[in-house]
Amino acid sequence: MRTSIVGAVIALLLTISLTSPLVVSQGLTPKLGGTLVVIQVGDPKSFNPDAQVDDMGFPIFQNLFNKLVTLDIDYNIIPDLAYKWDVSSDGLTYTFYLYKNATWHDGVPVTAWDVKWTFETINKSKGIAYSWIKASNIKSIDVIDNYTVKFILKQPFAAFLSFLGWYGTFVMPKHMYSNYSDWLDPKNPVLQKPVGSGPFKFVEWVKGDHVTLEANPNYFKGQPYLDKLVFKIIPDANTALSSFLAGEGDVLAVRPPFSEIPKLNSTSGVIVRSRAVPSQWYIGFNLLRYPFNDRTLRLAIAYAINRSYVIEKAMSGYGFPARGGYTSAIKWAFNSNATLPNYNVTLANKLLDDAGYKLGPDGIRQTPNGTKLSIKYTYFTTGPETEAIGVVLKEQLKKIGIEVTLEGLEIGAWEQKVVKNRDFDIALCDGFQGPDPDNMRSRFALGAYLNFANYSNVEYYDLLQNASVTTDFSARQKLYWKAQEIFVHDLAYIPLVDLVAFYIWKTEFHGLPWESAGKVNYNSYALTWWEKGKSIEPEYIVFLKNNALAIVIVLVIIIGVVVAYKVTKKKWSGKTTS
Amino acid sequence: MEWKDYLLRRSAQLLLTVFFALIINFLIINLAPGDPAALMAGELATKEYIEAVRERWGLNKPIPERLVSYLLNVLQGNLGYSYTYLQSVSNLIAERIPVTLLLTLTSSIIAFFVGLLLAVKTSQKAFSKVDLFVSNVMLTIYSIPSFWLGLMLIGIFGVALRIFPTSGMVNVRSTGSGVFLILDIAYHSILPIVTLATIQVPIYYKIARNTIVEQSSEDYVSTFLMAGMSTSSIFKKYVLRNSLLPPVTVFALHLGYVLSGAALVEVVFGWPGMGRLLLSAVYSRDYPLIMGIYLVTSITVSLANFFVDILYTLLDPRVRYK
Amino acid sequence: MNLLELNEISVEYQLGKNDILALSNVSFSMYPKEILGILGESGSGKSTLALTIMRALPKNARIIGGEVIFNGKNLLNLSEDELNSIRWKEISIIPQNSMNSLSPVHKIRDQLRDILLLHEPKLDEKEVINIMEEKLRLANISEDVLDKFPHQLSGGMRQRILIAASLLCNPELIIADEPTTGLDVVTQYQILKELKNLQSAKGFSMMIISHDISVISNTSHRTVVMYGGKVVEIGPSDSVVESPLHPYTRMLLEVQMEISKKTQNELHSRTNFNKPHKSVGVNFAHHSGCPFVQRCPFATEKCKTEAPTLLKVNNDHYVSCFLFNK
Amino acid sequence: MKSKLKSDNNFFYKYLLLWNRFKNYKGGLIGFYLFLVVIFIALFVPFLPLCDPYSIKFQSFLPPSFSHPFGTDEMGRDIFSRVLWGSRTSLSVGFGAALVSSIVGVLFGSLAGYVGGKLDELLSRIIDIFLMIPAFFLILLIVAIYGSSIYYVMLVIGLTTWPSTARIVRAQILSLKEREFIYAQKVIGSSTFRILFVHLIPNSIQPIFANSILQVASAILLEAGLSFLGLGDPNVVSWGKMIYSGTSYIFTSWWIAFFPGIAIVVTVASLNLIGDALVTILSPKTEERGAYA
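Line by line, the protein sequences are chains A, B, C and D.
If you're matching positions, the first sequence starts at -8 in our numbering and goes up one per residue.
If you're matching positions, the second sequence starts at 45 in our numbering and goes up one per residue.
If you're matching positions, the third sequence starts at 88 in our numbering and goes up one per residue.
If you're matching positions, the fourth sequence starts at 3 in our numbering and goes up one per residue.
Among these hints, one or two may not hold up.
Partial chain B-side listing against chain A, Cβ under 10 Å, derived [claimed, not checked]:
| no. | residue |
| --- | --- |
| 1 | Tyr50 |
| 2 | Arg53 |
| 3 | Ala56 |
| 4 | Leu58 |
| 5 | Leu83 |
| 6 | Tyr93 |
| 7 | Val97 |
| 8 | Gln131 |
| 9 | Arg140 |
| 10 | Ala230 |
| 11 | Val238 |
| 12 | Ala241 |
| 13 | Ala296 |
Hints were generated in silico from the structure; no laboratory data involved.
Even for Gly, the Cβ is constructed at its ideal location relative to N, Cα and C.
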C-alpha cells in the first residue's frame, strides 16, 4: 500500500513539473522573437558614435555600443561596461571594473585597452565629448589589467561621471580603427558597417529609408528578446504618424503634431506617456544694447509673458511652464523657491510707466531717451514652434506697449548673427540642460560660447566654477541653488517652457527603455519583448532538461533506498515475531 | 566633317557654361553668413573644438584657395566628402539618383503621352467648345501647387480611403527581396507619380495642341486634301509626323530638371530623393554636398539642351541636310 | 459638251465679325482639250475658284450658291467619298509652289506613292515606281529626286515634281494655280512651254490661274479676266490681248506694256486715256455696283449702283461693263 | 463711333482694339473676372468686415462654421481672414518679382538684341548660365541663408527668372530692328538710347506684357513653394506658410491646408488664363489666319 502512495507522489511530482510552464506563461514573462520598428526623423550621419553631433544616430548607437556608465530614463547613472567604479576622496582618480564576458560583435573581447584608446582618440581628434568631459583635463588613463582602467584628472570635476554616461562617450573597437590614422577616414568600412558591443548587431542601412539591427546572441548582459530592431526614417511628422497608425511602426520617435495626441491617446493598442525632459525654450536679451541692459524693462517683459498661454497657443498645451532658473526635470538640482515673475500685466505697465517708458501716440512706448520700443525677436527656423512662440510674444508684449517684429533665420545664419555678432534684440534659443547642472556653465556663465546675452555676473560664474569642483553632493546642490536665485533676479535670460517628451508605442510591446529605469539606457531596447513571441521555458524547466539524466538517476536511487528500507523492515519484523 | 566640329563646339560651350555655373554656386554658398564649423561642432562645443572641426574640413583656408582646390578636384571627378554624412558626395548622390529618377522620369513620360493624346483628340476639332474647355481646364491644373496636390491626395487616398501608403519608399516590416521589393516600391510610388504627372500634363498638352493646330493649316494639308486623301489619314500620316518635334523638344528640355524638379513632392511624400538630400544639405550647411548636387543638376540641364540639338537633327530633315 | 461648267458660283469668307464675298455669281465653262487662263490680281478670287472646284476651301469659307458641273456631275452635291474618287483621278491640281506645298519631313517618293496608291490601290511596288518615274520624265526631271526632301530642291524642280504629281492618274482636267510664280524668268518660260506640249501631247484640258498676263496670253486658248470676285471679261486670248474691252483689262495691259516696252516696242497702246494711279488693295466690301468702280476712269453713277452683266460683244468675246451695252 | 475714337487718342484706341479681341477668348474672360475679384480683395481687405488675421484669441482647430467660414488654425487664428490677407502677400511678391524680372530682362534683352556682336554673345552666355542653374534650389539656398523678408524674396525670384524675359525681348528686338522706321531713326541720328527706349521697346511692349503676366503666376507658385518649406517672411500672412503649418494637421483638421491651396489655384489660374489668352492674341500667327474663338 505504501509503495503505491510513494509511486503516486512521484508521478504527481513529474506531471506538475512538466505542465507548470504552460500555466506560468500566461503571466507577464517575456517572450522571444519579433521585430520592433522605431520611426524616427532622419538618417544617422555615420556609424562613428563619438566623432560628431548626430541626434539621429544617437538612439541607434545606444543599442549598438556601450559606454563605461550610462544614464537611465531618470538621468541616474547606472552601470554599463563597468559593473563597479570607485572615486578617490580627492575626486581626481576614477577606477572602473569592466565585465569580463563582454565581446565585440566580431567576437573580439572588449578590454580596458579599447577604453584607453577611445578616450585618447577623443582627446587627440577632438571628439564631440571633448568639451563636456573636459578631455584636456584628463592627466592619464592607466590600464591596471585587461578589465580594470583608471582615469586620473588634473583637477576635480564633479560632473565627470554623468557626462561620461551621456553623449559621445561610447567605447569603440580599437582593432577596427588600427590601420586608419583618422577615425573619420571615409575609406574605413566600419563607418558604414559598424562593429559594436551592444545588445544589437548591424544588418543594413538603406539611406533615407531604414537602419536594420538584429539581436546579438552573445551580448554580455544576456541575449535580447527581440529578433530584429528596425529604425524607419520618415522626416515628415504627419506622414510618420499615419505610417505608425497604419501599422508600419511600433514606436513613434517622431513627435507628432500636438493636435494628434488626444486622438492617439484614445486609439486602441496605442500607449502615450509624456514626461518632462531637461530641455527648455528660453529667450535672451542683448545686454550690450540699450535699452535691454535696463533690468526694469526685462522685469516688466517677464511679468508680461504668460508662459502657460505660450504653451497653450504655440505648443497646443504640451509642455510645462518654466518655473525657475534651471530645468525642473533634474530634481536634485532644481531650486523650487528661486521662481520667475508670474504673469501680471498691470504691474508690468506700472513698472514701465515709473521707469519713464512713456506711451507714444500709436500705442507703442518710447524709451526714456526717445527711441521707439519696437524690438526684433530673432529665432531659427528648425520647426513651427519657434515662430509660433514669436507670434504669442508679439501679441502679449503689445499689451504693454512694445511692438515686436519676427525675424526667422536658418540656424547657421542665426548662430552667426546672434551668437557671434551679437546683432539682435531678443533671441529665442533652446538647449539640453542635462545631464548635470554643470551644463549651465557652458551655456549661461561668463565667457561661454553660447552666452549670447553676454550675461556677465561674476558671482554667478564663481558659484558654477566652485560647484564643478566640489564632489560633496549637498554642498554642490547648495551652490547651484544660490546660482539659480541670482539667475532669476538678473533676468538676462527668461526660461519659457520646460519641454515635454512623448513616448508612444504599441501595447503589444513591453519592457521599453522608459519602463526599465535603473536597468538600461534611455534608448535601449535590450529588455523589450513582444507579446506574440515564442514562450521561453522558465529556468527550472531548462534546468530539468539540461540534466534530465542526473535527475532520473537520483530518482532511481531514492526509490531503491525506499524499497530497500521497506524490505529490510519486514525482515526485521519477521524475525522478532517468530 | 561638319558634324565633328559642330559637336566639339557645342560640348566646349557646354563645359564652359557648367564651369561658370559652378563658380557662381560656390561663391553664393561660401559667402553666406554663418559658419558650418560652429554648426557641426554642436551647442556645447568649446572654441578650441570648433577650431579643430574647421581645420579638419579645411574651412580655415581663404575662399579663392578653396575654390581652386575644389575645381581641381571636380575635374578629377572627386566631388569631395560630405561633412554630415561622412561619405563621398558622389556615391551619396548616386544612391539618390535612381530614387528620384523613378518618380520624375516615369511621371514625365506618362505626362508626355497623356498630354499628346489629349491634344490629338481635341485639336482635330480646333476652337470647338470641347477644345476650349479642355485647354482652360489644363491651364487651371497647371496652376495647382505640386506640394498641395500631393497633400490632398495623401489626405483622400492615404488617410480617408486607406488605399495607398502615406509615406516612404518601402514598408519596412515586409522588406522582401526581388519581385516583392519592386512591387512594394511601385505601390509606394503611385501617389507621388500621379502628383508629378498631373501637373506636367498641361505643359505637353499645350505645346502639342498649338503645333497640331498650326500644322493643320499648312499648304501640304490642302494638297493632299485635293489629292483625295481623307482628313483622318492626312492627320495620321502627315500632320502628326510634322507636329512631333516641338513636344519632343519640350520633353527633352524638361528632362534637364528631372533631378531637381520633384523636391517639394519628395518632402510631402517622405521620399528619399535628391530634393530631400539637398534640403538637409542646405539646413546643415554641408557645402561639398550642396555643390555636388548643383553640379549634377546643372550637368543634367545642359545635357538636356545638348540632347535637344541632336533630337532636332534626327527628327527634322531640314536641319539634318543643311 | 462642256467639260466643266460653273454657274453663279458665290463663296463667302468669315473674317471676325465681317464676312467677305470672295466669289460672286461667277459663271463660265470649259471645253475639253482646251487651256483656259484665269487672269486676276491677288485677292480677285481666282485661287478661291480652284479651291471651290476641288471643294478644299478652308474652315472659315462657305459656298453660298452656284453649281460646278464636271462631265455632267455637280461636284458640290457629291458626298465626300464620291468626291474623293474624282479628286486627282479626274481633276488634279498643281498647287501654288510654296515651300510647304509638300510635307517637309517626308521624302518625295513616299508622298507621290501615297497619292498614287489612293486611287490605284492594287498596284504593286514595281508598277508604282514605273509610273512615278514615267511621270517625272514627262515633267522633265530626273528620278533621283525621289529620295530627296522638298527643302533640298530648287523652286523649279519642286514645280516640276508638282506637275508630275498632277499627272499621276492621267486626269482629264488639271488646274495650275500660279504655276510659275516665284521662279526665274527662264525657268518660267521652260515650264510653260513644257506644260503646253504636255497638254497638246496628252490631250487633257488645263486651267491656268495667274496674275501675270504674259503667262496667260502665251499659254491659254481662252482667257477669263476676274476682278473683285466677279468675271469681268471672257474671250479668246489673242482677242483679249489685242483688243481688251473692259477698262480693268485695258489697264492691266497698259501696265504690262509699260513693263515690256523696251522689249516689244512695236506693240504700243492705241487708247490714250490717262493712267489712273494704281492702288494696291482690292475693296471687298459688299457693295452692289461694279467692283472696279473705284478705280475705273469711266465710272458713272450707274456703275456704282447696278452690277453689269456679261454681254457677248463678238464671237466668243464677252464683257461685263456698261460701256458696251448701249 | 469707331472713327471718332480713332482720331481722338491713338494710345487709348490701341488698347480698346486689344480688349475687343480679348473679349472673344472665353477662357481669358473668366480669368480676367476672377483676377478682378482677387485684386478687389487684395486692395480692400482692410475695409472688409474681417477679424484680425494675426490675433490668436480664437479657439484652435475649429472646423468651418458660420462664424469662421474657413475654420481656425492650430494657433486659433481665423483662416478666412488670413486667406484674404494672404492675397496681398502673394500678389505683391508676384508683381514685384515679375517687375524686377521684366526690368532686368528688358534691359539685358534689348541690349543683347540691338547691339549684337560681342555683347550679344556675352549676354546670351550669361542667360544660358542662369537657365542652367535650377532656379528653385538657388532661390531656396539664398532665401534660407541670406534672409526671408518679403522684399528679399521678391528680389531673388526676380533676379533668377529674368533670363526668360530677356530671351523674348531679344528675339522681338532682333525682328524689329530690321524695320525701315528704325533705319530712319538711325539716319536722322537719334542716339541708341532714344531708339531703344522710344521706339524698339515700346513696340515690343505687348509680348513682354503678356509674358510678365505669366511670370507673376509662376512667381506666386515659387513663393508658395518657399513658404511651404518654412522659408517665407514670418511677419506677413502667406498662403504657402499656411499650407506648411496645415500639413501637420492634415489628418484631423484638413481645412487648415485646404483653403489656402484653393486660393493659390484660383489666383494663379486667373493669371495663367489671362496671360495665355494675351499670348495667343499677340502672336503674329493668329492674326494672319484670323482664326478667332
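* To do: Any hints from earlier that this structure breaks? Give me their numbers in increasing order, please.
  => 1, 2, 3, 4, 10, 11, 12, 13
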